[in-house]
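**Student:** All chains should be modelled from the sequences, with the hints used to inform the complete structure.
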Amino acid sequence: MTRLQDALRTLGPARLKGIRRGLEKESLRATSDGGLAVTPHPAPLGSALTHPNITTDYSESQLELITGVHSGVEQCLDELTQIHQFTYRALGDEMLWVSSMPCNLPADETIPIGLYGSSNVGRAKSVYRIGLAHRYGRRMQTISGIHYNWSLPGVSDEQYFALIRNFRRHAFLILYLFGASPAVCSSFVAGREHQLEKLTSQTMYMPHGTSLRMGRLGYQSDAQASLAVSYNSLDGYAASLHEALTRPYPPYEATGIMNPGGEYNQLATSLLQIENEFYGTIRPKRVIHPGERPLHALRERGVEYVEVRLMDLDPFVPVGIEAGTIRFLDVFLLHCLLADSPPDTPQEIAALGRNQHKTAAHGRDPAMLLERDGANVKLTDWGAELIEACEPIAAALDAAHATTGYSEALRTAQTLLQEPGRLPSARVLAAMASNFDNSFTGFVRAQSQATKARLLALPYSAALQDRMETQAARSMVDQAAVEAADTMPFEIYRQQYVSADRLMARRVGNDEHRVGEMAAA
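Position 124 of the sequence shown, counting from 1, maps to 124 under my numbering, and the rest follow consecutively.
In silico PhoX-like pairs for lysine-lysine, Cα to Cα no more than 25 Å straight-line:
hint, residue 1, residue 2
1, 17, 285
2, 378, 358
3, 198, 358
To be clear, the hints were calculated from the coordinates, so they are not data collected in a lab.
Here the structure is a predicted model, which is why all the values come from computation and not from measurement.
**Tutor:** The following block contains the structure:
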């Protein structure tokens, strides 16, 4: 503890106030009866290719709402709220599904893949998604979450990777505290093997589950399980990704780049098509230049921020995340940065994967044991140790920001460790049981309708509407400009983008205008 407190003192209030954050929030568009809306991306929202705040994730039916970078927690949430307000006004009778686990889904092949226009970069984004469908199925891609982007000034690559290693070690606590997906509509697992229990004919669940999204039914891949990616250094991490992006993978080679009819099946036959296909609870990130691959950006200029990827949507909060949760994440990430972080090993990496699956499926079981340094430890005991170690960090953040919010967020976490019935995952099951005959779809449909009404009732100015409409219109102009600037056949564009040279190259040609933005897929 003394060493951590010494490290904390070296930061000082000025650097603590230098934390920067942003949010990326995914949500399915749903019909009033709880089905997937298979309509095109709403025209009033502008271009999904070029709009800076409103795009789509995997599916044409899956919105992604993105804030800018903010120094304040409330300012970040205010922007996310305003984007929601504008979006809801464009949805008509549709609504945003407020759960991470999807609504009632149609047949897999009828889930619409995102469309981004006729430009090379737009076509590449769609082909990448077609590849995901072949590799993992479309249903898995409809799972939604909220990503938290976080940086602190003056942090080196070595320190960011130390943070990442500790985050992965302690991520079970985030899943326990904020997991909110213990149940799912039966349509999601139809025809699939699973270990869920039947609650009703239309609802499957895990009685002590916290986050099915982060468990074996979520973003998991047998192919990627062969990647024991180490986070001991930027060079090692980059080398692991480089191999996965360039090494042919026989099952994907069998699928091929194109089908016999000349339609694209995927961007590449390597284990990963592009960097963002690599699933993980946290990623090192760097803003890319036009025409640049993300891996090249990391190698060239180092880590700029980390992207926390394991957060479920909180169905009880209008925009899916609240200020207390963000403040806890700030404290937690600082602890991960400042605490000792020994190198990881293949054995530890495997144990962390098992801990993640145990917590996702059984985290609220009072007897749950996790693996730590070759021994078993109770989840709640380990979590209590971490929260206690975070107390000086919360106090320092409170002092820097003249607030009590960080310590309050920590006290809330302490309470949740002792009272698991108050966890979001437990509240979801309780609400389903008390008001909706244990129906996942019934609960989330009602919560989604109430959330829409609540956000539409908030004060909303004509000036905000005008600004958002102008931005949407500008994005359409920007997309047209991208399409008009293309001079290269798509197949040549694809080959150049996925080439190994692109991962190492220091220059790109003018014909690859905006190609790098595909990596925001």
